[in-house]
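Number of protein chains: 2
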Amino acid sequence: MPLRMSTLFVRTLKEDPVDAEVASHRLLHRAGYIRRSAPGIYTWLPLGLTVLRRIENIIREEMNAAGSQEVHFPALLPAEPYQTTGRWVDYGDDMFRLKDRRDNDYILAPTHEEVFTLLVKDLYSSYKDLPLSIYQIQTKYRDEARPRAGILRGREFIMKDAYSFDIDDAGLKASYETMRQAYIRIFDRLGLEYLTVKATAGAMGGSETEEFLHPSEVGEDTFVRSPGGYTANVEAVTTPTPEPLDCSDVPPARVEDTPDTPTIATLVDAANARHPRADRPWTAADTLKNVIVTVAHPNGERELVVIGLPGDREVDLDRAAGSGALGAGEIEVAPATDAEIAAHPGLVKGYVGPGNSIDAPVLGLQGSTGIRFLLDPRVALGSRWITGSNQPGRHVFDLVHGRDFTADGTVEAAEVRAGDPAPDGSGPLELARGVEIGQIFQLGRRYAEALGLQVLDPNGKRTVVTMGSYGIGVTRVMACIAEGNHDDRGLIWPQHLAPADVHIVATGKGEEILAKAEELTAALEDRGVRVLLDDRPKTSPGVKFGDAELLGVPTILVVGRGLAEGTVELRDRRTGQSRDLPVADAVAETISFVDARYSELGAQRTGR
Amino acid sequence: MPLRMSTLFVRTLKEDPVDAEVASHRLLHRAGYIRRSAPGIYTWLPLGLTVLRRIENIIREEMNAAGSQEVHFPALLPAEPYQTTGRWVDYGDDMFRLKDRRDNDYILAPTHEEVFTLLVKDLYSSYKDLPLSIYQIQTKYRDEARPRAGILRGREFIMKDAYSFDIDDAGLKASYETMRQAYIRIFDRLGLEYLTVKATAGAMGGSETEEFLHPSEVGEDTFVRSPGGYTANVEAVTTPTPEPLDCSDVPPARVEDTPDTPTIATLVDAANARHPRADRPWTAADTLKNVIVTVAHPNGERELVVIGLPGDREVDLDRAAGSGALGAGEIEVAPATDAEIAAHPGLVKGYVGPGNSIDAPVLGLQGSTGIRFLLDPRVALGSRWITGSNQPGRHVFDLVHGRDFTADGTVEAAEVRAGDPAPDGSGPLELARGVEIGQIFQLGRRYAEALGLQVLDPNGKRTVVTMGSYGIGVTRVMACIAEGNHDDRGLIWPQHLAPADVHIVATGKGEEILAKAEELTAALEDRGVRVLLDDRPKTSPGVKFGDAELLGVPTILVVGRGLAEGTVELRDRRTGQSRDLPVADAVAETISFVDARYSELGAQRTGR
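Protein chains in written order, with full-length UniProt numbering: chain A, 1 to 608; chain B, 1 to 608.
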């Protein structure tokens with residue numbers, strides 16, 4: 001049966017939703033695909049649900065073809081397995097938690113590693129049962145702090161999550177590669193531009209992991225790529241450890257008065273004016289900036305940490321948090337507040353020095369403050385710096401890393417810049433933004449160990465299973481498709497994902513127009529073409545065309561004035577081009593046009 | 001692609017799950033269709049998910065055919081609309097509640113009237129937009145106190161819930177009838193025995209409502225039917241108000257000593273022995289039993305109520321609770337505890353009298369105790385009773401309703417018995433148990449009024465919309481189908497709902513057996529027949545046959561010893577009958593057998 005605008009549960013809107021920050025949110029709302037029920041929580045109207053289901057089906061087909069079996073877990077889960085693995089704590093405020101009538105703790109699951117692990121433990125016991133790949137397409141929950149991007153980043157959202165179970169590392173690698181290939185097929189079939197980048201594991205744990213990113217200005221992820229093909233999430237870019245420098249010629253460190261130099265720029269100016277360097281002027285790259293941050297650990301503990309990095313680089317707290325060097329799990333890292341700094345008298349804001357000065361009393365620097373001091377890996381051993389002395393208005397000059405001070409460790413803290421060399425030597429990096437639409441993890445044995453998933457190996461010995469986990473943000477994928485397929489008048493769906501194949505606009509007075517539109521609708525539906533018919537009797541042509549453009553069915557057939565001359569008009573929503581067709585050819589020509597669009601996308605028309 | 005037992009994510013079990021009280025729970029667990037994740041919360045394994053989806057699709061097709069449009073709401077909803085309608089309180093402990101990171105109240109929705117109402121208010125504004133019918137197939141939550149029946153009564157479950165919106169009562173009636181017919185088609189197509197009964201509205205509110213009950217011993221609902229076709233949930237059976245009796249000949253009420261008569265039986269004996277009645281012996285039906293109950297109202301208030309009913313009837317607290325006379329919303333009614341009774345010195349346990357005695361001082365009865373006193377409607381005006389006097393060891397005789405005492409109202413409190421007359425005069429009632437698989441409500445304007453859903457009528461006047469709500473317990477329907485289709489060896493699915501059309505058991509040694517089984521599998525799959533192939537290489541025939549019977553695919557094809565003589569064996573899991581087929585005819589004969597089963601069910605084979 002065709003969809004009919006006269007009865008379809010949809011209303012288009014002229015106004016953008018309040019707080020909408022991205023085009024997909026604005027357009028899916030205005031075109032009546034979704035409605036907000038609460039911040040980050042959406043209701044799917046008929047057109048939205050149709051597109052969503054078509055996306056899900058492509059994912060389902062490819063998962064099945066890759067040998068993964070569909071199951072379905074509850075969204076409401078007991079807390080206990082998540083307590084066992086530590087994620088009950090790691091997830092912090094991001095996880096919705098509740099109690100049942102007997103006061104037992106439950107969660108709304110953000111992801112299902114724990115219970116998949118337990119299910120396999122329940123059913124399987126031998127290496128002969130493996131490998132196994134199982135997946136679900138299911139509702140997930142994550143209490144985002146700032147849910148303002150519609151279905152791009154909701155608090156209730158749909159994910160496809162898959163899990164692989166293998167007896168050994170080689171098996172895991174093979175399962176991972178199978179899923180990787182399935183993801184490539186899925187995103188190819190969806191017609192979604194993407195690239196794979198190295199990523200960090202975050203709260204998931206695990207070792208090898210890649211993200212599938214859809215390049216987009218609205219993305220929350222920054223990624224890099226090099227001419228030689230290196231790609232990574234900016235958080236996962238590693239800085240090669242530089243060779244130690246020869247510091248035999250560096251004069252001894254000395255503390256100098258540098259009044260009124262709270263910033264790098266004022267410090268460089270003062271250094272050049274009053275303490276010039278012999279060989280060349282000082283630059284910001286000669287200063288060591290020591291940034292005080294607060295790390296909020298998942299268990300609630302708050303820790304001050306000082307991070308040293310070259311003064312010509314901004315600090316990137318997401319990189320620092322994602323590196324794992326500041327703490328495990330879902331940590332939050334923020335600049336320390338004045339109050340937090342004031343609580344440590346050893347720290348003088350604007351003049352903070354390295355925490356672990358080897359010859360602190362001589363230099364007037366404090367020794368260990370009890371605060372962790374980490375260095376960005378760019379700070380080479382033997383490198384020579386101007387840096388704070390932990391005394392107001394004074395800096396230390398010619399302080400050498402390894403000679404005069406040490407660190408408690410390294411942390412990837414400096415921003416990555418366009419032009420930085422790729423860590424694999426494949427050339428200068430380019431930066432861009434993207435949306436994470438999928439991520440694949442070689443989890444390893446973390447979950448199986450924590451939850452006791454063992455099977456008997458061929459020698460009858462109990463062996464811990466190794467796992468992978470593989471996610472696709474289904475609702476987010478739909479948002480990305482909308483982001484990448486619209487203009488200022490509305491959505492423009494890829495033909496194979498559109499809520500209908502053809503939008504027939506019946507416009508103009510006279511019963512014969514609507515009658516012909518109905519006839520063409522019936523003929524197309526008979527041939528398996530999905531029609532959305534605008535049969536509203538008292539709606540103006542302007543409103544009808546505006547709605548057709550907003551709704552975004554890519555093929556539009558206008559039955560109107562031309563009918564008197566025996567023609568209808570076929571419009572391509574993507575290009576804006578149109579041509580008149582003899583009404584007798586309309587069905588065949590429309591089908592041929594639609595099928596060509598499917599074909600371009602490597603897809604086939606399947607009806608509803 | 002066929003399913004293969006060698007790789008299918010399923011394990012059959014010999015042991016029933018702990019606490020399993022119903023066959024569907026035991027068998028779906030043992031056959032590997034579902035696994036418990038928490039009390040009343042289940043994971044769906046591949047076979048279970050397949051059957052569930054087939055059921056969902058039948059429901060979806062009929063809902064669409066009835067002109068209802070599919071949408072999808074969140075499960076996680078803000079509390080506010082439920083606070084506005086009062087259901088935030090009414091649902092009490094049955095509703096899962098939680099807070100988000102900003103301390104806002106949320107619920108896991110047990111049903112969605114409020115947000116459907118708000119969505120229509122958001123989109124629609126005119127009578128021209130109506131009627132509208134929208135539905136979803138979605139996960140619901142209800143924190144059952146005693147979740148022990150598997151998916152028959154889970155805490156996370158799937159419902160189809162639909163809502164109709166009309167401008168007037170005639171429209172609502174028409175929408176209700178359309179849904180009623182759709183339900184009849186759905187349950188007919190599912191092959192599920194059912195009957196429709198009048199029901200009570202409970203927490204939903206609304207007036208006209210019917211339940212679709214599946215007759216089953218494991219049902220929690222008791223229903224009645226009469227030879228003349230009256231059917232009702234036992235809670236909804238109304239007792240016609242009897243004609244007032246002539247009490248002019250009844251002697252004046254008097255209080256008598258009746259020591260040691262705490263029960264009806266001892267009272268009747270004592271009455272006949274010491275205070276005989278002139279015309280005939282006293283019977284239990286002459287005694288008025290006054291039962292003290294505690295009503296727990298949804299707002300947490302606990303109220304003592306005394307209910308009077310004939311002494312020859314047991315009290316049915318579910319009927320009393322469902323009648324609405326004790327309080328609105330999801331009340332809980334229980335016998336009062338000794339402590340609660342003791343807190344009211346006016347109440348003497350075992351000798352409780354009517355609370356509102358007209359001439360209390362004369363009779364020695366207490367007057368109003370401040371406790372509500374309600375009478376079962378069977379207690380006619382003018383009827384004559386022996387009842388408690390609120391003094392230990394004393395009863396009052398010849399106390400006449402309306403002459404000597406009154407009530408604060410009536411409540412349907414006496415049990416319904418087989419043989420009671422149907423309220424519509426259609427003969428004696430028969431009692432049976434059933435499972436509620438669907439319920440349809442004429443909600444009226446309760447939700448629209450509370451939430452301000454108004455549209456302009458043809459005269460431009462704002463009019464409150466009238467609504468219906470229509471539910472089907474999808475997972476519960478699957479449990480009922482399993483309840484009604486099994487034997488002591490396992491499940492026996494109706495052909496059109498089974499996880500596969502044919503279960504091919506390859507049994508016996510020799511490569512040619514498995515090769516032939518594979519060949520037949522491929523040939524059947526090519527013809528759109530869904531095959532589950534037992535290709536496990538080292539599994540005994542006994543285990544394979546046992547598993548086939550447990551899993552319950554209704555058509556079994558055995559490829560085994562007979563192959564040497566050129567035959568395979570086709571088994572009907574329902575009847576246990578089998579016949580040998582020449583292997584050359586196996587594909588055609590199997591298809592013909594399967595199609596005949598589909599046809600008996602009014603269904604057509606559709607492939608996956």
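I should point out that these hints are in silico values taken from the structure, not numbers from a laboratory.
You may find that some hints are simply not true.
In this list, chains with the same sequence are indistinguishable; a pair is considered to hold if it fits within one copy or across any two.
With a cut-off of at most 30 Å between alpha-carbon atoms, the simulated DSS-like pairs for lysine-lysine come out as follows [as the list claims (entries may be wrong)]:
hint, residue 1, residue 2
1, LYS544, LYS349
2, LYS509, LYS14
3, LYS516, LYS128
4, LYS509, LYS349
5, LYS461, LYS538
6, LYS14, LYS461
7, LYS173, LYS121
8, LYS198, LYS509
9, LYS538, LYS128
10, LYS461, LYS121
11, LYS198, LYS349
12, LYS121, LYS14
13, LYS173, LYS198
14, LYS461, LYS128
15, LYS538, LYS14
16, LYS349, LYS128
17, LYS544, LYS121
18, LYS99, LYS461
Okay, the hints, checked on the actual structure:
1. For the identical chains of this complex, LYS544 and LYS349 are neighbours neither inside a copy (63 Å) nor across copies (75 Å), given an alpha-carbon limit of 30 Å.
2. When the C-alpha separation of LYS509 and LYS14 is checked against a cutoff of 30 Å, the pair qualifies only within one copy, where the shortest distance is 26 Å, while the shortest distance between copies is 71 Å.
3. In this assembly of identical chains, LYS516 and LYS128 lie within 30 Å of each other by CA distance solely across copies; the values are 24 Å between and 63 Å within a copy.
4. Taking identical chains as interchangeable, the C-alpha atoms of LYS509 and LYS349 are never at most 30 Å apart, the minima being 76 Å within one chain and 82 Å between chains.
5. Within a single copy, LYS461 and LYS538 get their C-alpha atoms only as close as 76 Å, which misses the 30 Å cut-off; across copies the closest is 21 Å, which meets it.
6. For the homomeric pair LYS14 and LYS461, the shortest alpha-carbon distance between copies (25 Å) is at most 30 Å, but the shortest distance inside one copy (67 Å) is not.
7. In this assembly of identical chains, the alpha carbons of LYS173 and LYS121 lie at most 30 Å apart only when taken from the same copy (21 Å versus 53 Å across copies).
8. Taking CA atoms no more than 30 Å apart as the test, LYS198 paired with LYS509 passes in neither setting, with 59 Å inside one copy and 50 Å between copies.
9. Proximity of LYS538 to LYS128 under the C-alpha cut-off of 30 Å is restricted to the inter-copy arrangement: shortest distance 12 Å between copies versus 67 Å within a copy.
10. For a Cα distance limit of 30 Å, the shortest separation of LYS461 from LYS121 inside one copy, 16 Å, qualifies, whereas the shortest one across copies, 64 Å, does not.
11. Taking the shortest alpha-carbon separations for LYS198 and LYS349, neither the intra-copy value of 36 Å nor the inter-copy value of 76 Å comes in at or below 30 Å.
12. In this assembly of identical chains, LYS121 and LYS14 lie within 30 Å of each other by CA distance solely across copies; the values are 17 Å between and 53 Å within a copy.
13. With identical chains, the CA atoms of LYS173 and LYS198 are at most 30 Å apart within one copy only, with a shortest distance of 15 Å there and 60 Å across copies.
14. Taking the shortest alpha-carbon separations for LYS461 and LYS128, only the intra-copy value of 13 Å comes in at or below 30 Å, while the best inter-copy value is 72 Å.
15. When the C-alpha separation of LYS538 and LYS14 is checked against a cutoff of 30 Å, the pair qualifies only within one copy, where the shortest distance is 19 Å, while the shortest distance between copies is 66 Å.
16. Proximity of LYS349 to LYS128 under the C-alpha cut-off of 30 Å is found in neither arrangement, the shortest distances being 62 Å within a copy and 68 Å between copies.
17. Within a single copy, LYS544 and LYS121 get their C-alpha atoms only as close as 57 Å, which misses the 30 Å cut-off; across copies the closest is 23 Å, which meets it.
18. For a Cα distance limit of 30 Å, the shortest separation of LYS99 from LYS461 qualifies neither inside one copy, at 40 Å, nor across copies, at 46 Å.
When the structure is compared with the earlier hints, violations turn up for hints 1, 4, 8, 11, 16, 18 and for no others.
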